[in-house]
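Engineer: Residue numbers (the working numbering), protein chains in the order written: chain A, 1 to 320; chain B, 1 to 415; chain C, 1 to 347.
None of these hints come from the bench; they were simulated from the model.
Any given hint could be a false lead.
Label pairs and their in silico Cβ distance ranges [claimed, not checked]:
#, chain 1, residue 1, chain 2, residue 2, range
1, A, 28, B, 64, 32 to 38 Å
2, A, 176, B, 272, 46 to 52 Å
3, B, 393, A, 156, 20 to 26 Å
4, B, 45, A, 129, 53 to 59 Å
5, B, 393, A, 8, 40 to 46 Å
6, A, 129, B, 99, 39 to 45 Å
Glycine included, C-beta positions come from ideal geometry on N, C-alpha and C.
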Amino acid sequence: MATFLLRRVLVALPVILGVFTVLFFALHAMPGDPVDTLIPRDIPSENREELIRNLGLDQPLYVQYFKTIEQLFTLQLKTFGTRRPVVEVIAEALPNTLILALASVAIAYVVGILLGIVQAVRQYSKLDTGITVVALVFYSMPGFWLALMLILAFALWWPVLPATGMHSPGWEFMPPAARRLDLLRHLVLPAATLSLASAAGVARYMRSSMLEVVRQDYVRTARAKGLRRSKVVFKHALRNALLPIVTLLGLELPALFSGAVLVETVFGWPGMGRQIVGAIFRQDFPVVLTNTFVFSSLVVLGSLLADLLYSVVDPRIRHG
Amino acid sequence: MESAGGAPGAVTPPQGAPRRGPLSGGARAAAAAVPGLGPLLRGEPGVAAVALIYLAAALSTTAVGGGRAIEAVADWAAWGAARLAGGTAIPEWSRVRLDSLVATLTLLALYAGLWTWAVRDSRRDPTAPPARDTEGRRIWRQFRRNPGAVGGLVLIGLLYLVTLLTPLLAPYLPEVQMDVVANKLKPPGSEGFPLGTDEFARDVLSRLMYGARISLSIGFIAASLSVGLGTVLGALAAWFGGWVDMAIMRFADMLLSFPRLVLLLFLLAAFDTRSMYLIVTILGVTGWMSVSRLVRAQILSLREQDFVQAARALGLPTGRILFVHLVPNSLAPVIVAASLITGHTLLLDAGLSFLGLGVSPPTPTWGGMISDGKDLLRQAWWIAVPPGLTIVVAALSFNLVGDGLRDALDPRLRT
Amino acid sequence: MSALPAAAPAPDLLEVQGLVKHFPIRRGLLMRVAGHVRAVDGVSFRVGAGETLGLVGESGCGKTTVGRTLLRLIDPTAGAALFEGRDLFTLPPAQMREARRALQIIFQDPYSSLNPRRTVAQTVGEALATHGIARGSELRDRVEKVIVQVGLQPLHMDRYPHEFSGGQRQRIGIARALALGPRFIVCDEAVSALDVSIQAQIINLLEELQAELGLSYLFIAHGLGVVRHISKRVAVMYLGRIVEEAETEELFRNPLHPYTRALLSAIPGGRRKGAARTRIVLPGDVPSPIHPPPGCHFHPRCAYARAECRAGPYPETVTLRGSSHRAACHFVTEDGGSPVLGDPPPG
Numbered sequence: 001m002a003t004f005l006l007r008r009v010l011v012a013l014p015v016i017l018g019v020f021t022v023l024f025f026a027l028h029a030m031p032g033d034p035v036d037t038l039i040p041r042d043i044p045s046e047n048r049e050e051l052i053r054n055l056g057l058d059q060p061l062y063v064q065y066f067k068t069i070e071q072l073f074t075l076q077l078k079t080f081g082t083r084r085p086v087v088e089v090i091a092e093a094l095p096n097t098l099i100l101a102l103a104s105v106a107i108a109y110v111v112g113i114l115l116g117i118v119q120a121v122r123q124y125s126k127l128d129t130g131i132t133v134v135a136l137v138f139y140s141m142p143g144f145w146l147a148l149m150l151i152l153a154f155a156l157w158w159p160v161l162p163a164t165g166m167h168s169p170g171w172e173f174m175p176p177a178a179r180r181l182d183l184l185r186h187l188v189l190p191a192a193t194l195s196l197a198s199a200a201g202v203a204r205y206m207r208s209s210m211l212e213v214v215r216q217d218y219v220r221t222a223r224a225k226g227l228r229r230s231k232v233v234f235k236h237a238l239r240n241a242l243l244p245i246v247t248l249l250g251l252e253l254p255a256l257f258s259g260a261v262l263v264e265t266v267f268g269w270p271g272m273g274r275q276i277v278g279a280i281f282r283q284d285f286p287v288v289l290t291n292t293f294v295f296s297s298l299v300v301l302g303s304l305l306a307d308l309l310y311s312v313v314d315p316r317i318r319h320g
Numbered sequence: 001m002e003s004a005g006g007a008p009g010a011v012t013p014p015q016g017a018p019r020r021g022p023l024s025g026g027a028r029a030a031a032a033a034v035p036g037l038g039p040l041l042r043g044e045p046g047v048a049a050v051a052l053i054y055l056a057a058a059l060s061t062t063a064v065g066g067g068r069a070i071e072a073v074a075d076w077a078a079w080g081a082a083r084l085a086g087g088t089a090i091p092e093w094s095r096v097r098l099d100s101l102v103a104t105l106t107l108l109a110l111y112a113g114l115w116t117w118a119v120r121d122s123r124r125d126p127t128a129p130p131a132r133d134t135e136g137r138r139i140w141r142q143f144r145r146n147p148g149a150v151g152g153l154v155l156i157g158l159l160y161l162v163t164l165l166t167p168l169l170a171p172y173l174p175e176v177q178m179d180v181v182a183n184k185l186k187p188p189g190s191e192g193f194p195l196g197t198d199e200f201a202r203d204v205l206s207r208l209m210y211g212a213r214i215s216l217s218i219g220f221i222a223a224s225l226s227v228g229l230g231t232v233l234g235a236l237a238a239w240f241g242g243w244v245d246m247a248i249m250r251f252a253d254m255l256l257s258f259p260r261l262v263l264l265l266f267l268l269a270a271f272d273t274r275s276m277y278l279i280v281t282i283l284g285v286t287g288w289m290s291v292s293r294l295v296r297a298q299i300l301s302l303r304e305q306d307f308v309q310a311a312r313a314l315g316l317p318t319g320r321i322l323f324v325h326l327v328p329n330s331l332a333p334v335i336v337a338a339s340l341i342t343g344h345t346l347l348l349d350a351g352l353s354f355l356g357l358g359v360s361p362p363t364p365t366w367g368g369m370i371s372d373g374k375d376l377l378r379q380a381w382w383i384a385v386p387p388g389l390t391i392v393v394a395a396l397s398f399n400l401v402g403d404g405l406r407d408a409l410d411p412r413l414r415t
Numbered sequence: 001m002s003a004l005p006a007a008a009p010a011p012d013l014l015e016v017q018g019l020v021k022h023f024p025i026r027r028g029l030l031m032r033v034a035g036h037v038r039a040v041d042g043v044s045f046r047v048g049a050g051e052t053l054g055l056v057g058e059s060g061c062g063k064t065t066v067g068r069t070l071l072r073l074i075d076p077t078a079g080a081a082l083f084e085g086r087d088l089f090t091l092p093p094a095q096m097r098e099a100r101r102a103l104q105i106i107f108q109d110p111y112s113s114l115n116p117r118r119t120v121a122q123t124v125g126e127a128l129a130t131h132g133i134a135r136g137s138e139l140r141d142r143v144e145k146v147i148v149q150v151g152l153q154p155l156h157m158d159r160y161p162h163e164f165s166g167g168q169r170q171r172i173g174i175a176r177a178l179a180l181g182p183r184f185i186v187c188d189e190a191v192s193a194l195d196v197s198i199q200a201q202i203i204n205l206l207e208e209l210q211a212e213l214g215l216s217y218l219f220i221a222h223g224l225g226v227v228r229h230i231s232k233r234v235a236v237m238y239l240g241r242i243v244e245e246a247e248t249e250e251l252f253r254n255p256l257h258p259y260t261r262a263l264l265s266a267i268p269g270g271r272r273k274g275a276a277r278t279r280i281v282l283p284g285d286v287p288s289p290i291h292p293p294p295g296c297h298f299h300p301r302c303a304y305a306r307a308e309c310r311a312g313p314y315p316e317t318v319t320l321r322g323s324s325h326r327a328a329c330h331f332v333t334e335d336g337g338s339p340v341l342g343d344p345p346p347g
């Protein structure tokens, strides 16, 4: 097992580094000059050159490449725009994205698993068909459009929830309990948007996984022994049906981040997704690079975790 | 769409159910004259509904755009005559658009297809034993038992029909701006603007229809590119193994290890103007990874099968073994994936347009329209809502078809 | 480039010398080679023109690997296979493609051995077309001829494999092998997956084809019963080596190796009158070919094993004087005796 994990990490490291390298050179190959986005074009050229020197953009590409890697690992990388350390900038955004991501993953899995169980238990009923259809509709819906529709419904036509941002104005002066409530109110729409599509996916997997398990002999045996249906479902079938869902969790991370990019943009949620979009448009290389580095590390970590969880939950799996 | 439950499929009658024989005399003539009547008379409402939907589509297009069709044909005929007469005068191309001619031909083909089918169908004997069973027929039989999947297929057909017929159907050209002061932000139902206008006084319905061409084409072509690329790369990785496998699959891992949307933003942000071809290419070359994994796994397991070993023993060339023996046998899951990928690509393309990195304006795309409407939600919800709905319908159709195919291709479900 | 002394005009169609195939096992963090599966460990035999050699052994003994290396479906680790004087293992690709026309294979599983998406005519004619041997109506004629030859009808040509029974599918497989006009065919357990009644039909068909076309077979099977009828000679394999080889009648009359005797006793029924021999049941399983037992590989399961069998070198192959009967057992002497094992069973 340890060997297996170690090998996975050893394979993953060059992949992450490869991503970083490709992105680095792609960024620099892109037309347009990051300096243009920082200062007006009519500024005197000696000031411009000074800025280029300051940003290190005058050096040969390979020097910049190794310097960037060095700075990345020593946490010395600074943004082009404000010259703040990138770590700081990301440290502000990362928790916000994690709040959103964790909330929606939690909702998605709870809702999705419950729906999947209901569907499997009542296979081929009207309820089953209905949930399948609704789930497929949400699965086929662009997240950002759903976001707009939710804003339209719950913030404009029936204004019960805030449309954008993470806090109300003046939240700094609220008592802690009110602050938390305020955050929660802001979280509802984005988390709902992100979780609906993925809940639909989870429900689909859960349903088929459950049906697969129910067909197995040991479940039939349990039923034949005269155990109650609900007991069979929850004690015998559920545990085994959850297995494939666990892996899904690790593999869904990239899709979740993709969704976060759009949802954060729509809701003005100050997370990494919105940050990276802004940074790409501003050509703020250090922010883009560090962000993708963090993203891909999280993705690799996610799939590792999925493997690990899988072998914990299923004692039959032992990686040699 | 088939009615639920009994599924009065023409090929496999439910056991024991009495079936009517072939149509006779007058009924047959009537069935040949009106597409859809035949199945209705034989008690197959599902088939009849599909035929009638397409008939209605053809008739309403004729009613709305018949004039334009005749005009287009006349203009092209005049131009052709002038050419023959040795005249070099170039006609007024803005009116004699190739588009309109294609739309007219599509409409004619639709009519021809409908009636060819009706005539053949009217002679069909539902009690006749089916012809020799082939793999394709078995899959189709399973597929048509699934009402959702058939519905999805019909919808996809209609959507792509609309993309071809748009020049005859759309009230305006998509970029046409009316008098902005008088006509901007008109609500749906306003005179002349069934779905209202946007802030530049452009007709939302027309933009929606022309947008369908761009968005659906992008979805379809990009997905085909992804699937083709994924199939070839997956096949090569599996067959050659070693460092080829290593290189291809690690590259796939790399592309998979960060959010695809970010990668796309990244690549697209480099271009000042983005044509449809650029978007298609970039979506295509970033979406092949899942297909290549699928194909690779399939081929790795097929490779040890004896029929492949036999092909090697016969000394067949590698390319032939790969693409005649291995790939066709691993396509079942790929077809399913292709359908699902098309739906997904549609959503992704919409997301790109929403972020302002899709096909450059003023070309209408569904995602772009949503983006246009996002800041006007309060004043003019009708700009952002309809394109979202059409995206849902299109993506849903592809997902339904994909699901139906998956079930139809899964041998465990077969009886 | 062959290691064969270039003398004697070879009467043999195929001569295999010291064939070895080791599959590496990779393990650990860096996927280092941690050991080898010794699937085939030095096998030599000859097959004469128009002859059949039966190759028999339990599953995992390497007999299938032998068959597949001959067709270069698997690359051998060492050894030579002289086919009409040329070493198959060192032929350049172009010449190997040529050689494949003379050298074909029939597989065990009639279901996985046919591409489900190709019609019979496509399957049978494909090689003819791609080798540029025939095309158009000539191709069709040749395919039809082969189809009829294996006992199918021309109307079967445009059908798909799923429309046939197991025995018919096996005939299609035979037709595919015959299409190129081979002189040598490896029958890799070609009848093992079939019902007994169908087995007989297929074996008869193979014999008829042999008589008609002068084919040579390497007939691989896991029991001696099947090969007796069709083979001129029989070789018995155990853990990657041939332990005994003789003319078929000689082998059945006078089995020298204890393993051969066990296999013989396992043939159901069919023994001659009154010879109610006790069935020899071998203890234990076939040992792992990764770590074959020292000494004679068979000793853990041999009732006669002594100290010399358990340690020391692998037994030399002894050929009986004045005969081509050979066996690899410490107890066998050139005089045909085997004092320890006692007399051969009454034949």
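Engineer: Evaluate each hint against the coordinates.
Structural biologist: Hint-by-hint comparison with the structure:
Checked against the given bound of 32 to 38 Å, the beta carbons of residue 28 (chain A) and residue 64 (chain B), roughly 53 Å apart, lie outside it. The supplied range of 46 to 52 Å is met by residue 176 (chain A) and residue 272 (chain B), whose beta-carbon atoms lie about 49 Å from each other. For residue 393 (chain B) paired with residue 156 (chain A), a C-beta distance near 24 Å keeps the hint of 20 to 26 Å intact. For residue 45 (chain B) paired with residue 129 (chain A), a C-beta distance near 19 Å fails the hint of 53 to 59 Å.
The given range of 40 to 46 Å is respected by residue 393 (chain B) and residue 8 (chain A), whose C-beta atoms sit roughly 41 Å from each other. Range check, residue 129 (chain A) to residue 99 (chain B): about 41 Å between beta-carbon atoms, so the 39 to 45 Å window is met.
Checked against the numbered hints given earlier, this structure breaks hints 1, 4; the rest are met.
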